[in-house]
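Enquirer: So the protein lines, in turn, are chains U and R.
Take 1 as the starting number for the first sequence in our numbering and just add one per residue.
Take 1001 as the starting number for the second sequence in our numbering and just add one per residue.
Rather than coming from a laboratory, the hints here were simulated on the basis of the structure.
Where is the CB? At the ideal position from N, CA and C, for every residue including glycine.
Do not take every clue at face value.
As the list claims (entries may be wrong) - Derived pair list, reagent style BS3-like, types lysine-lysine, alpha-carbon separation capped at 30 Å:
#1 U/Lys183 to R/Lys1184
#2 U/Lys42 to U/Lys56
#3 U/Lys201 to U/Lys183
#4 U/Lys179 to R/Lys1184
#5 U/Lys183 to R/Lys1109
#6 R/Lys1184 to R/Lys1067
#7 R/Lys1142 to U/Lys201
#8 U/Lys179 to R/Lys1179
#9 U/Lys201 to R/Lys1184
As the list claims (entries may be wrong) - Reference listing, derived: stretches of chain R covered by chain U, where coverage requires no fewer than 3 residues with Cβ under 8 Å from a Cβ of chain U:
#10 1026 to 1037
#11 1176 to 1186
Said to hold, decoys possible - Covered by chain U, per the in silico footprint, the following chain R stretches (three or more residues, Cβ under 8 Å):
#12 1007 to 1017
#13 1041 to 1049
#14 1053 to 1064
#15 1159 to 1173
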Amino acid sequence: MRAILLVGSPRGERSTSWSLGHYLMDQLRGRGWEAEEVHLHKAMGDPEGEAATIEKAAAADLIVLSFPTYVDSTPAAVVRAMEALAGRMGDGRRPALVAIANCGFPEGFHNDTALEICRLFARDAGLRWMGALSLGGGPAIDGRPLAASGGRGRNARRSLELAAGALANGEAVPEEAVKAMAKGGTPRWLYILFGNMGWRKQAGRHGVADRLEDRPLMKGRK
Amino acid sequence: MRAVILDGSSGDEMVVPRGAAESTLREAGYEVETVRLRDLNIADCLGCFGCWVRTPGQCVVQDDGAKVAGSFATSEVVVMMTPVVFGGYSYHLKKALDRSISFALPFFKRVHGEVHHPRRYSSDQWLVGIGLLPRRDEAAQKVFSELVRRNSLNFQPVGWSAALVFADEAPQLSSIAVKEALVKAGVGP
Chain U
1 MRAILLVGSP
11 RGERSTSWSL
21 GHYLMDQLRG
31 RGWEAEEVHL
41 HKAMGDPEGE
51 AATIEKAAAA
61 DLIVLSFPTY
71 VDSTPAAVVR
81 AMEALAGRMG
91 DGRRPALVAI
101 ANCGFPEGFH
111 NDTALEICRL
121 FARDAGLRWM
131 GALSLGGGPA
141 IDGRPLAASG
151 GRGRNARRSL
161 ELAAGALANG
171 EAVPEEAVKA
181 MAKGGTPRWL
191 YILFGNMGWR
201 KQAGRHGVAD
211 RLEDRPLMKG
221 RK
Chain R
1001 MRAVILDGSS
1011 GDEMVVPRGA
1021 AESTLREAGY
1031 EVETVRLRDL
1041 NIADCLGCFG
1051 CWVRTPGQCV
1061 VQDDGAKVAG
1071 SFATSEVVVM
1081 MTPVVFGGYS
1091 YHLKKALDRS
1101 ISFALPFFKR
1111 VHGEVHHPRR
1121 YSSDQWLVGI
1131 GLLPRRDEAA
1141 QKVFSELVRR
1151 NSLNFQPVGW
1161 SAALVFADEA
1171 PQLSSIAVKE
1181 ALVKAGVGP
């Protein structure tokens, strides 16, 4: 059996999307699956790369789409991949699809619309929808390999292990896995506190700590 | 007063609703800019947060996406016009919207009990989403409307609305739906 991970983050292997998807792939490998990992932003940079990526996805038994939620939906590169894959399907094969979304807000429900879009993609492309996992506070993982992310990644690891067990048996993502991922790994108040501090710190490193609230596109206006 | 129509179509499929939006906005006194996103060179967002912590308020990639961001930020009315793709926006519209993170500040604040980012610009703005479907599709309609509603929580406009138009219905119905959406958002004549 073959699985393909499509990473929808432009940050590649420095992304939480990759951390989550890679851990799931490793779990499937441990169950005897072949598992390939593709970074959409890199792989779909030219027509040949895009065609090759779509062919690989169409030939897989399981497609795992792992992405950060941007502006309440899937990133543009994921939209493009979904459009291309939907156009390619129709040969009678029906690969399974599972989606994993993470966002920068502490609450995972900000991913809901993006995951609904993935569900409709499965419907329209003729894929078998196996369910979705949603993580809030994704930057707490910050692209670290999930296996090495300690307590912050505990619930996500548990979720992906449960999901892998079900998916390897051809079953949908179980509710227990959905709940484990939704728990996240960092208390909301702490995430907000460290988040706000972190942005100031990063801006300071670039010498713009006092310019965080600049309004360059509306000079002279409010 | 300025209005910008972000047209995410890949062909001429949005001609009727776009025309209806342009005429309604002009009638209401707006100077209208229509942006055909497919004709522009807009790179995908890099996810680098440079627009927050390196060049606050401006994307580090200076291509047509930066010009679209300027039109978005300086317009009182923003109309997002798109074929509905799996309930969401087209690739052309989405790549422009992904570059809009610079309109927010990095910090967290509560909006209607949820955590969001404060707006960078405090001027009043209205947001309208118009989606085109080949035919009625309850599931896709629901997701699209919810997507525009979620966007309104993030962009925090004064008024907003979402409307669906259908390719298999009479063009007049599309025009009426667009005009009603603009009125509902609070920007119609």
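Enquirer: Mind checking the alpha carbons of R/Lys1142 and U/Lys201 for me, to see if they're no more than 30 Å apart?
Expert: violated (41 Å)
Enquirer: Given the hinted pair U/Lys201 and U/Lys183, is their alpha-carbon gap at most 30 Å?
Expert: holds (27 Å)
Enquirer: The stretch 1053 to 1064 of chain R covered by chain U? Criterion: 3 or more residues, Cβ-Cβ distance below 8 Å.
Expert: This one holds; 6 residues, not fewer than the three required, reach chain U with a Cβ under 8 Å.
Enquirer: In terms of beta carbon proximity below 8 Å, does the stretch 1026 to 1037 of chain R have 3 or more residues touching chain U?
Expert: Coverage by chain U is violated for the stretch 1026 to 1037 of chain R (0 residues, Cβ < 8 Å).
Enquirer: Between U/Lys42 and U/Lys56, is the straight-line Cα distance small enough, at 30 Å or below?
Expert: Distance ~15 Å between U/Lys42 and U/Lys56 Cα, so the pair holds.
Enquirer: Is the coverage entry for the stretch 1159 to 1173 of chain R by chain U consistent with the three-residue Cβ rule at 8 Å?
Expert: violated (count 0)
Enquirer: Are 3 or more residues of the stretch 1176 to 1186 of chain R near chain U, judged by a Cβ distance of less than 8 Å?
Expert: violated (count 0)
Enquirer: Please work out if U/Lys183 and R/Lys1184 have their alpha carbons no farther apart than 30 Å.
Expert: violated (38 Å)
Enquirer: Is the Cα-Cα distance between U/Lys183 and R/Lys1109 30 Å or less?
Expert: With Cα atoms ~21 Å apart, U/Lys183 and R/Lys1109 stay inside 30 Å; holds.
Enquirer: Run the distance test for U/Lys201 versus R/Lys1184: straight-line Cα separation, threshold 30 Å.
Expert: violated (42 Å)
Enquirer: The stretch 1007 to 1017 of chain R covered by chain U? Criterion: 3 or more residues, Cβ-Cβ distance below 8 Å.
Expert: Coverage by chain U is violated here, the residue count being 0 at a Cβ distance below 8 Å.
Enquirer: Closer than 8 Å Cβ to Cβ for three or more residues is the test here. Does the stretch 1041 to 1049 of chain R pass it with chain U?
Expert: holds (count 6)
Figure legend: structure checked against the earlier numbered hints; hints not met, in rising order: 1, 4, 7, 8, 9, 10, 11, 12 and 15.
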